[in-house]
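Engineer: Chain by chain, the residues run as shown.
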Amino acid sequence: MIKREQRLVRGRSRFTDDCDSTDTAHLVFIGSPYAHARIKEIDVEQAMQKPGVIRVITGKDILAYTNQLPPQADYSATRFTWRLAPVYALAVDRALYYGEPVAAVLAEDETTAKEAANLVEVKFDPLNVVTDSQTALHSEDTKLYENWPDNTQAHLSFQMGDTEKAFAQADHILPVSYREGRASGFPLEPRGCIAKYDPFRETLTLRGSFQTPYLQRHNIAATLGMSESRVYVESLDIGGAFGNKIHVHKEYTVALAALLTSRPVKWVESHREFIVTGPHQRDVDWEGEVAYSKEGKILGVKARIVQNLGVESTNKGIATLSLFPACMAVPNMYKIMGADIEGLGVVTNKSFYCAYRGYGKDKGIKFIEHAMDRVARELGLTPEEIRRRNYVQPQELPFQQVNNYMLDSGDYPQALQKVLDMADINAWREKQKQELHNGRYLGIGVVSTVEPAGVAVPNSQMGGLTQARVQMTADGNVKVFSDRTEIGQGAEKSHAVIVSSILGCSKNIVDVQPVDSEYIGQGPLSSRGAVYPASAVHKATQLLREKIVKCAAAFLEESPDRIILQDGYACSDSNPAHCLSFPELATRAYYFPGPRKLFKETLLEHEHLLDVTTTWYSPSTPETGTTYTTFCNSADVAVVEVDPEIGSTQILKYVHVHDAGTIIDRQIVDGQIHGGIVQGIGEALSEELRYDEQGRLLNMSLAEYLMPTAMEAPDIEIAHMETPSPYSETGSKGMGEAPIIGSKAVILSAIEDALSPFGVEVNDSPATPERILKWIGEIEQN
Amino acid sequence: MKININITLNSEPCTLEIDTRETLLEVLRNKMGLKSVHRSCLEGECGACTVLVDEKPVNSCLVLAATVDNKKILTSEGLEQKERIHPLMQAFIDNLGFQCGYCTPGILMNAYALLNREEEIDDQKIRKSLEGNLCRCTGYVNIVKSVQAAKKEKDSGNWW
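Note that the protein sequences, when read in sequence, are chains A and B.
Its first residue numbered 1, the first sequence is counted upward by one per residue in the working numbering.
Its first residue numbered 1001, the second sequence is counted upward by one per residue in the working numbering.
Hints were generated in silico from the structure; no laboratory data involved.
Predicted model, so just to flag it, every value in this text is computed and none were measured.
Please note: incorrect hints may appear among the correct ones.
[Claimed, not checked] Quick list of in silico lysine to aspartate or glutamate cross-link-like pairs, EDC-like style, CA-CA up to 20 angstroms: (1) B:Lys1128 <-> A:Glu712; (2) B:Lys1125 <-> A:Asp715; (3) B:Lys1031 <-> A:Asp20; (4) A:Lys653 <-> B:Asp1123; (5) B:Lys1125 <-> A:Glu712; (6) B:Lys1002 <-> A:Asp109; (7) B:Lys1031 <-> A:Glu108; (8) A:Lys114 <-> B:Asp1019; (9) A:Lys3 <-> B:Asp1094; (10) A:Lys507 <-> B:Asp1094; (11) B:Lys1031 <-> A:Glu110; (12) A:Lys653 <-> B:Asp1122; (13) B:Lys1152 <-> B:Glu1119; (14) B:Lys1031 <-> A:Asp23; (15) A:Lys539 <-> A:Glu518.
Go ahead and model the full structure; you've got the sequences and the hints to work with.
Structural biologist: Given below as structure tokens:
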């Protein structure tokens, strides 16, 4: 297989849509036109008569052939309120959100399937709709799930540190509220897969855009009532994921269609379908208060977050689980006495929720960063000064944060100083003053964040165990297997860098394998790629190295501590001419072991000479009270100009300083930063899923759901610091989500600064031109 | 209705029988197997299916194949010469001008047209020209950098 970059850039990729075979049948879903309705009847007769239609799958098939979807995170046995509702692969008796799949048509080709979908008659009985979380919380007459007392799915509360004492000691208490609109992660390639059932071996194979094949297999097997050992899930090239592809959704029905018909079944989702049916994210309201001293020391926080989860999700609890980091991340990297945070997850008739870059950790941090700005303004301090006065100091690290997170390493004040210097913040402040005289509204935002990264959560499928295998093949090349799918984040290259540096060989002989469900792990979610899978691969490669050295020592009749590995050779350091190339060494180890000079004990102690499979688990595990292993930190400065005439925002400068520990590959880390920042800018300025009163999504096309184009995205200056993490094998930290958190916060902070002459609080997002004009009173509120 | 069209596809003249309802995207992907032309939003909003028609970038999802009779079509498969990677592609690899790679072929074609069209380019011109190509991974920074690097190759004569 040619290397990934060659494959993708030279148009030889294998995305799901690129894979066809002559006997493939195509599946198309039918979505509910109502946000809440009883399904009275589905008439498939007319559709079935259309030539080329193979089968129509409805809720009846789902009830007959599949189980309820399995719970993926369950805290119902804890002190928290935690509810799970029954969910099936398709709506079986009620549609609960606009676009919810109620049936699927299988036909010989996609066009026929689409045409036949229009011939399926579904009779609905519309029910009351609730889309707003506040209304849902107090609604008596619109309850989504009969057996629940109300629409609360989860109610969490965390008492971290001594918040009462903090509030008692405070000089001031400031109320702070903050809202975020609903967003879609929207990878450019929506979901899709091809399912094949082999009736002879009784095996089911799904190939497609899968972010976490190992977990996805478990859930597919459980839903179809199959043994996991007979189900395979394989990732093809993935056109972006951002967390949106960690769970299984319509894929369950694709699998069932293959089982029922023994035909290969292909399904590729359209963009509108993806935006409508989710997953969605954000959509939160914060209300709280911050206690602080007159010197600008933040003492405590009391806050409540309400998350609009939409319907109970097909990922059964993983959506709700995001409330945990939302609540717990509030202290960020600040030394506070206490935080009492309450989290409410509310179900409504919107599409379901799942992971999107940030997941929940972003929410707590954006809230506290906004609160920091408010406090700074009250005290007449700059945003950098308020942060400086509250940081955990470098000499205190590792530091057990009040939320139990073990902040591992870094230098927060230095990162902040560096970003201020790079941005030349004083010059911008001077320019801001001058330009205000000219009627131009410039604003400067400063934020800092830690990103809790690399997750392992009890009571969920996100348990944290991660497996890797590194094998030297008989020809001296190296194969690497892990759970870390390549979603564009550089998994393949990053693994190759780790392996080649440990084995002393070129990256070109390292082949990182496509990921399937055979290797245990959660895949690249929660920025865990550089923590868990990278550590597992590192550990396996170290063990392989020992084996290579032992074999080389035997073959070269040298003591193992005299063997060095470099440039693809194993050599004696006392006699450089005494060398074996990796191909020579591997061939001898594989095919000529035994009496030919290999140490007997080397043979006896190894299950295989040059093949290692191992697992890695974080030294700071959930068992010790923290869910995240590493904490990268970053600081952002943005300068914007807001035009009060039309409410538009333009980004004039963007600077980002990042410390992700040891950098495995600079280009990859930079790429993650650029991409995350621009996604955050989209959320800050334009991306919001809007629903009407009947619960219909209003903006489902790319012309209406506005992601940044090259014109809105700014140029981005980056500097790195490298403080290794003591908790990962490579010293590197997860960092994929940090940029989206900081960038959204800093843009909103800069807009608030720009609008300070109007005395506006920018506590709602996205800050669309319409909202900005409302804030400054140019157009009527509501 | 079925008709025949004559086109020059990636420098090869060919005659194709098409249905008049088919889009250029469908013909290129399904009939000609050119899978670099990504089927994406199908509404002309994302740019992932961009190809060149007589050297101009178009969203092939919005173009009826019947309208490209007697025209020259170029897809990113056609940028390579005898398996030799095009310097524009190499620039994207060297500068990590892609991550997931889904938007990449469309962006390459748009950038190729830009570089052939304009003698002088700057970052702003590149951004303006790529406005119709959505990328969700890179934040566009390394795409702009890749196009600048390709421009240097072109100026030094390493181009076709």
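Engineer: So, for every hint listed, does it hold in this structure?
Structural biologist: The hints, checked one at a time:
{"no.": "1", "hint": "B:Lys1128 <-> A:Glu712", "in the structure": "holds (10 angstroms)"}
{"no.": "2", "hint": "B:Lys1125 <-> A:Asp715", "in the structure": "holds (13 angstroms)"}
{"no.": "3", "hint": "B:Lys1031 <-> A:Asp20", "in the structure": "holds (12 angstroms)"}
{"no.": "4", "hint": "A:Lys653 <-> B:Asp1123", "in the structure": "holds (15 angstroms)"}
{"no.": "5", "hint": "B:Lys1125 <-> A:Glu712", "in the structure": "holds (13 angstroms)"}
{"no.": "6", "hint": "B:Lys1002 <-> A:Asp109", "in the structure": "holds (19 angstroms)"}
{"no.": "7", "hint": "B:Lys1031 <-> A:Glu108", "in the structure": "holds (17 angstroms)"}
{"no.": "8", "hint": "A:Lys114 <-> B:Asp1019", "in the structure": "holds (18 angstroms)"}
{"no.": "9", "hint": "A:Lys3 <-> B:Asp1094", "in the structure": "holds (13 angstroms)"}
{"no.": "10", "hint": "A:Lys507 <-> B:Asp1094", "in the structure": "holds (15 angstroms)"}
{"no.": "11", "hint": "B:Lys1031 <-> A:Glu110", "in the structure": "holds (15 angstroms)"}
{"no.": "12", "hint": "A:Lys653 <-> B:Asp1122", "in the structure": "holds (18 angstroms)"}
{"no.": "13", "hint": "B:Lys1152 <-> B:Glu1119", "in the structure": "holds (12 angstroms)"}
{"no.": "14", "hint": "B:Lys1031 <-> A:Asp23", "in the structure": "holds (17 angstroms)"}
{"no.": "15", "hint": "A:Lys539 <-> A:Glu518", "in the structure": "holds (19 angstroms)"}
Of the hints listed earlier, there is not a single one the structure fails to meet.
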